[in-house]
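**Q** Residue numbers (our numbering), protein chains in the order written: chain A, 1 to 254; chain B, 1001 to 1061; chain C, 2001 to 2206; chain D, 3001 to 3227.
Because the hints were derived from the structure by calculation, they are not lab data.
All values derive from a computational prediction rather than experimental measurement.
Some hints could be false.
[What the hints assert, rightly or not] Facing chain A, a subset of chain D residues (Cβ under 7 angstroms, in silico): (1) 3090; (2) 3157; (3) 3177.
Positions of the beta carbon are idealized from the N, C-alpha and C atoms, including for glycine.
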Amino acid sequence: MSTGINWLKYSSPQAFYPLAGHLIPWFACVAVALMGVGLYMGFFVAPTDFQQGEAYRIIFVHVPAAWMSMFLYVVMAVWAGIGMGLNARLSFMMAQAIAPTGAMFTFLALLTGAMWGKPTWGAWWVWDARLTSELILLFQYAGVMLLRTSIDDVRRADRASAVFALVGVVNVPIIYFSVQWWNTLHQGASVSMATGSKMASTMLTAMLLMTVAFWLYSIAVILARVRCVMIERESSPVWNDEKPAVIQETVEAR
Amino acid sequence: MQWGSASEFFAMGGYGLYVWTSFVATALCMVWEVLALWRRRAAACAEQRAALLGGTDETTA
Amino acid sequence: MLQAVALRCSRGERRLFTDLSVKVERGSLLAVVGENGSGKTSLLRIFSSLLPPEQGSVLWGGQDIHQLKELYSGQLTYIGHLNGMKDDLTPLENLMSAMSLAGEPCSNNGAKEALEGIGLKRPIHHLPSKVLSQGQKRRVALARLWLSTRPLWLLDEPFTSLDQAATDVVTQRLLMHLQRGGLAVVVTHQEVALPTEVVQRLRLMG
Amino acid sequence: MSGSSMWEAVSGIIRRDLLLAMRRRSDAAMSVFFLVIVVSLFPLGVGPEPAVLRTIGPGVLWVAALLACLLSLGRVFTADYLDGVLEQMVLIPQPLALLVGGKVVAHWVISGFPIVLLSPLLGLQFGLSGESLGVLVMSLLLGTPTLSMIGAIGAALVLGVRGSGLLVALLVLPLYVPVLIFGAGAVTSSMAGIGGEANLSLLGACLVLSLFLAPWATAAALRIALE
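One chain only, chain A, in its complex shape (with noise of 0.2 angstroms):
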């Protein structure tokens, strides 16, 4: 089928390369506005809660940030997986795109999680599995970045880091789980952090608006990433879109 052919045509650099640079705008304006309209149902129509009072609109940012860590992480696995399997540049492209952006929400997600924690719980840090998790998560964002930053060649960074993202895949719900059981081993901390079914509608609007934000955020962010990584890799054949022409004349002419 015609669709089919013009979605394999996408998967070689080159095409995506251009297709990138067209969506990245339109990503990025729907993000803002989005945010934009997130941001004032949360803080203007958005009720006070009644038990954490007005605290409780860090979850605005907080909960986005904690889902979309988790997401892109495995969004990045797949990512890595497919470039595995089909030996796919593109893929393993995509999958180094993701990592500093899921670095960075898992980043937030601890800050703004502690932000919580002190005026709820009264203490920045608890060991619950969440925030657990979030910390192990991110030392493995550490992990896959650093591992590909010491490798010098290419290639061979490419797979390795989606090696350990893959098995990074696999841990993080075990370490979900043990903490938990952790938790009532000690009778810790068993705090439940969303504030679930006596959330109003309001809420949960602002929260989704602010959900699908940053997800078109990350997506504008990941394409512009990707168009760098694309043109650090390549050192021949430009797809710059600025000015082709005179790059190749000054070449022409010396």
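Given chain A, work out where chains B, C and D should sit, using these hints.
**A** For chains B, C and D alone, kept in the frame of chain A given last:
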């Protein structure tokens, strides 16, 4: 509208420090990421242009 | 029969060779020559299946070696530029464990004969390998050729640090292998003293 | 390839590694000494209060075992990588994951098993009771092979990479967390009178999972390192 005044809004019922730190940190991280990408792209493009003009003839096998 | 079809290989940014096709028949030897860094070793590693080619494929008896997997590694003896031996083991132990791991276990006497065949005298067999000279270590690695029953030999600079006598012995051994219908790919920077009709030369330009 | 030649190759690898370890006994002794020293430092740091020592004992012993295991990871593949034995191993006509399993078993016998044997003595330093000592040994017996299995993935990934010593720690330690939790948890819960069985069976589950997954990941990493 639930905020009586701007100061009430910024106080966030006494939790202003926590709430605003979270939101500002998130915003800063995002802005920083976008700026870093911008610079990375500029650097990569410049390097590529330099490589093209400098003419590395290694590619001819 | 070993066949390379349109191989391409790059290391890092550098394109080593592209569209390289070559055929090695039974009873003949492919001598790969070229300057340092021209991709000789990479080509040998592609033949050994250690390094997947960027493009193209290697066929053994008409089948892609990456589909044959272990069936293909059961057909070859590969001696790289590293000797693949342990400094803490004696030559005899090194040779015997290498052979048994490769799936061609040999007797104590067989291993001793192989070591003598390449000119290592009995007293040396029981010294720890770390006291041996470079040339002696190389001989221990090459002694595997006296025990190997595999049809395909892949050798990376086999004559490095060998003296003339050892070089001759190894060349004789290669000739015998070819006469029995074996194949060999040898990476070397020096001439292989074999009859020209069995040697096919491949020069990599880098 | 028949099953017997497969077994031959795996046992050949184990035998050679054990023989090599016998030739260099000081290497194997080092990680054990490290364990003893680290564990002995804790009472000096926290003070000799028996109740405190008993509380932190399982955790300290387990963290120290984890670190000792981590330190020995460099020995799994590095020497083989440098002297060319590893590329010969990859070319052995047997599934690489199985051969990797053999390497890991040898590594465990050399650096994991001594830790298990020594642990009751170290447990006594922390005033653990007889039953808890038994659980400690059991937990280490189930846990240290898992540590070797997981560690081999990291060791294979960083082969020939600059700064590999620190990097392997960063890669592997996050993966060690569940084993640490279940292992120390088993001892703690036996001390609390709950019995360590649940934790021990979870450790067993971790071992089975790592036995199934880790050799494949390690084999893939080794192939990548040798390209």
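**Q** Hint by hint, say whether it matches the structure.
**A** Tested hints:
1. 3090: Because about 15 angstroms separates residue 3090 (chain D) from the closest Cβ in chain A, which is outside the 7 angstroms limit, the hint is violated.
2. 3157: holds, 5 angstroms
3. 3177: Holds - the Cβ of residue 3177 (chain D) comes within 7 angstroms of chain A, reaching about 5 angstroms at its closest.
Consistency with the previously given hints fails for number 1 only.
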